Amino acid sequence: MTTAAVRARPVRPVRSGGSRQLAGTGTLLRFALRRDRVMIPLWVAVNALMVLSMPNTLKGLYGTASERAGLLRQMETNSSLRAMVGPVFDDSLGALTAWRVGVYAGALAAVMGLLVVVRHTRDEEESGRQELVASGMVGRRASLTAALLAAAVANAVLAVLVAAGLAGQGAAGAAALGLGIAGAGMVFATMAAIVAQLTESARLARGLTAAVLGVAFVLRAAGDSATDDGSSVLTWLSPLGWLENLRPFAGERWWVLPLFAGAVVVQGAVAYGLAGRRDVGMSFLPTRPGPAAGRLGTAGALARRLQRGSVLGWSIGFLLAGVVYGGMTEGAADLVAENDSAREIFRRMGGQAGLTDAFLASMAGMLGLVATLYVVASVLRLHGEETSGRAEPVLAGAVGRLRWAAGHLAVAFGGAVLVMLLAGLGLAAGYGHRAGAVLGACLVQVPAVWVVGGVAVLLYGVVPRAAMAAWGVAGAVLLIGWVGPALDVPRAVLDLSPFGHLPKLPGGEMAWGPVLVLTGLAVALVAAGLAGLRRRDMSAS
Amino acid sequence: MTKAITVSGLHKSFGRTHALDGLDLEVASGEVHGFLGPNGSGKSTTIRVLLGLLRADSGAAQVLGRDPWADAVEVHRRIAYVPGDVTLWRNLSGGEVIDLYGRLRGGLDTRRRADLIERFELDPTKKGRTYSKGNRQKVALVAAFASDVDLLILDEPTSGLDPLMEEVFQRCVEEERDRGRTVLLSSHILSEVEELCDRVSIIRKGRTVESGSLADLRHLTRTSVTAELAGPPNGLSGLPGVHDLDVQGRRVRLQVDTDRLDAVLRSLGEAGVRSLTSTPPTLEELFLRHYQEEAGVR
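Order-wise, the sequence lines are chains S and Y. The first sequence begins at 1 in our numbering and counts up by one. The second sequence begins at 1 in our numbering and counts up by one.
Since the hints were made in silico from the structure, they are not lab data. From a predicted model like this one, the values you see are computed outputs, not experimental measurements. Please note that a few of the clues may not be correct.
[Claimed, not checked] Computed cross-link-like contacts, SDA-like style, restricted to lysine to any residue with a CA-CA straight-line distance of at most 20 angstroms: (1) Y:K133 with S:V394; (2) Y:K133 with S:V280; (3) Y:K3 with S:K59; (4) Y:K133 with S:E131; (5) Y:K133 with S:T287; (6) Y:K133 with S:P289; (7) Y:K133 with S:S135; (8) Y:K133 with S:S127; (9) Y:K133 with S:S388; (10) S:K59 with S:E344; (11) Y:K133 with S:K59; (12) Y:K133 with S:W236; (13) Y:K133 with Y:W69; (14) Y:K205 with S:P289; (15) Y:K133 with S:E344; (16) Y:K133 with S:D123.
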């Protein structure tokens, strides 16, 4: 076919393929942005909000020169804290903002970039939609280019928002921070473009790229704990470390920016090179054959099998996070002890007891908040199974709907206990004292996690079209839990989150009342959701 | 004769769309029943009601003597279902899925499973995401035919199969009938339906427009007759039930309502018949007539 087409058009020899390989890119880009019209603005807005709200928060925390001097002194000596947030390069509000959120905003932009790219490349191929698109007047490189451009648009908007929003702190620093965050986003967007060529499954592509991001974070953390000025080789190996070494608002080192550009160009070239050497739908990492006969015999076993990979991933992540937070507990408590406002925040998050206890409590609470993402993802597997049509043949078997749902919900709600248990074990191991109390602090989060899971079940069961709104609920709970204490928002708002009602452990008094009420609420939500599920139509397609 | 499926006056709406508008369907135990209708006429919706996945707005449905909504699990123990669009779990092998489906029903005959895998030339070790459409359908078909059930509900099960596999499929359905099982076969492949089905129901816009054995249905339609005569034909145009009469010298072509065939043959005989072909209406013609009526209504 191809040769025939080429022969039939002698005016256009094969060499002119360069521009034709990009045919249709504009259409595909518009199409990608149209499909992501909710997702991209949401990611950009949350990220920008996080960055732009920071100067205000920091002004409250470190309002005086002596408070800032104390912070800088602490950061020089406290390596475990540097591992978490990196070194401080200057005591201006802008520099502190870049220090406090720069790396995290970069990581968030990276996640956005990798999601956008995989969604418009490997996801399309895996689903088979790409075949139809590629059969149109679409160049060989158009899809990958459109995906990268969509990520670039998202990151560019984010950079502009950050640069404009922080311009008051210094235009050069604001521009540097914005460009650095977007640069990190694009480095991982192009990284995802490479990985998407390697794997046949979009889920695996996302997971592998996220793992690379995790490695980048750990490298930077390790480098920063070793040195107090970001000069460690380990830090320079990580794109997140480049972002830090760009030093926004602290004598910007503009020569770091080409590192991002270089990585984007090189990785992009590799991705295009790989893409040009493979067939549509194929991958470089082959799929291994599976067993010819299976042992799965019940809907519950199927649910466990389908979710075991993600449960394993979350378990490892929570265990490691626990160990890291536990290890930095004493250093962090020392730092906080020097600052009245920071102490106040940790009290709001962690309770009135000693600072070490308050820190432990706020870390346990943080992990609990993140666990809501696990529980929502796990509950929504039901939705994915139903809408993909995979649930239909299972439900056409001798399996009641409730039994089918229960299989997945057992993984979701049991898994929430498991990840918090592992987080507690990690936290206790890292901290090294009072294992029981630390473990209890993590486990007491479970009922609040369950409530969010219960809301997801309710949405899925009663209004399946709005099931995805469960992510919004989890996001709101996260926002209240993370930003709420620092912004001193009204109690009524904090009370909206189930986490606001939990006893502050360790250190605070164990209160069984709210724990039981939240557990009961979770049970009621699940029951209502299942009642809805039993009554409604199962939609296929 | 006992009924495997009885449906009467079934209504189901999705928002403003009336998917089912008083549909009736009867499938006798032990028969292979063809379920025909244009795209969007409500076949899949009916099947989902029969599987208890959708709840009918009104009307009655019984599957194997039970209510498919209330007694879903009990009913499902005795039925096997093959959807038209089979989606598999990307990281489970075909063999694992076959065994899972089998265990979720009344159980699996392992010897028949092995035999079917061989006949359908299916590689059960491949992962779900690597199967083509036809191979995904084979996974579901092997699971259905190897399951120990009384009723098979097949929703356009062969749309991705090649002609050889189509042949294997037809043999399998015949074996199922020989074993006394009931099959509800929704299909667009009319030769397949003609080959396999004892009775058919044709639906249109959520309503049953025709139901019966193929012979019954043919009786209601026209037969095409082409004849070469010894002398000029006489009085054919005056006969009741004759349509599209086309006389060219001694060559005659006409269509006749099948129950009026007698008089036409007598008339042709009087003129002396040199050669005669008479074709019963194909299912396709039957079918097209209903489709075209639909177009005509608009």
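Status of the hints after comparison with the structure:
Between K133 of chain Y and V394 of chain S the CA atoms are separated by roughly 19 angstroms; this keeps the pair inside 20 angstroms, and the hint holds. A C-alpha spacing of about 17 angstroms is found between K133 of chain Y and V280 of chain S, which places the hinted pair at or below 20 angstroms, so the restraint holds. A threshold of 20 angstroms between alpha carbons decides the hint, and for K3 of chain Y with K59 of chain S the separation of about 79 angstroms lies outside it, so the pair is violated. Simply put, K133 of chain Y and E131 of chain S have alpha-carbon atoms about 14 angstroms apart, close enough for the 20 angstroms limit, and the pair holds.
A hinted pair counts as satisfied when its Cα atoms are at most 20 angstroms apart, and K133 of chain Y with T287 of chain S qualifies at roughly 18 angstroms. The suggested pairing of K133 of chain Y with P289 of chain S holds, with an alpha-carbon distance near 18 angstroms, which does not exceed 20 angstroms. Our distance criterion of 20 angstroms between C-alpha atoms is met by K133 of chain Y and S135 of chain S, whose separation comes to about 18 angstroms. For the hint linking K133 of chain Y to S127 of chain S, the alpha-carbon distance of about 12 angstroms falls within 20 angstroms, and the restraint holds.
Distance check on the hinted pair: K133 of chain Y and S388 of chain S sit about 15 angstroms apart at the alpha-carbon level, within 20 angstroms; holds. In summary, the hint linking K59 of chain S to E344 of chain S is supported, as the alpha carbons are separated by about 14 angstroms, within the 20 angstroms threshold. The suggested pairing of K133 of chain Y with K59 of chain S is violated, with an alpha-carbon distance near 61 angstroms, which exceeds 20 angstroms. Between K133 of chain Y and W236 of chain S the CA atoms are separated by roughly 48 angstroms; this puts the pair beyond 20 angstroms, and the hint is violated.
As the CA atoms of K133 of chain Y and W69 of chain Y are separated by approximately 30 angstroms, the hinted pair breaks the 20 angstroms bound. About 44 angstroms separates the Cα atoms of K205 of chain Y and P289 of chain S, which puts this hinted pair outside 20 angstroms; it is violated. Taking the CA atoms of K133 of chain Y and E344 of chain S, the gap is about 61 angstroms. The hint is violated against a cut of 20 angstroms. Proposed proximity of K133 of chain Y and D123 of chain S is supported: the alpha carbons are some 18 angstroms apart, at most 20 angstroms.
The structure shown violates the earlier hints numbered 3, 11, 12, 13, 14, 15.
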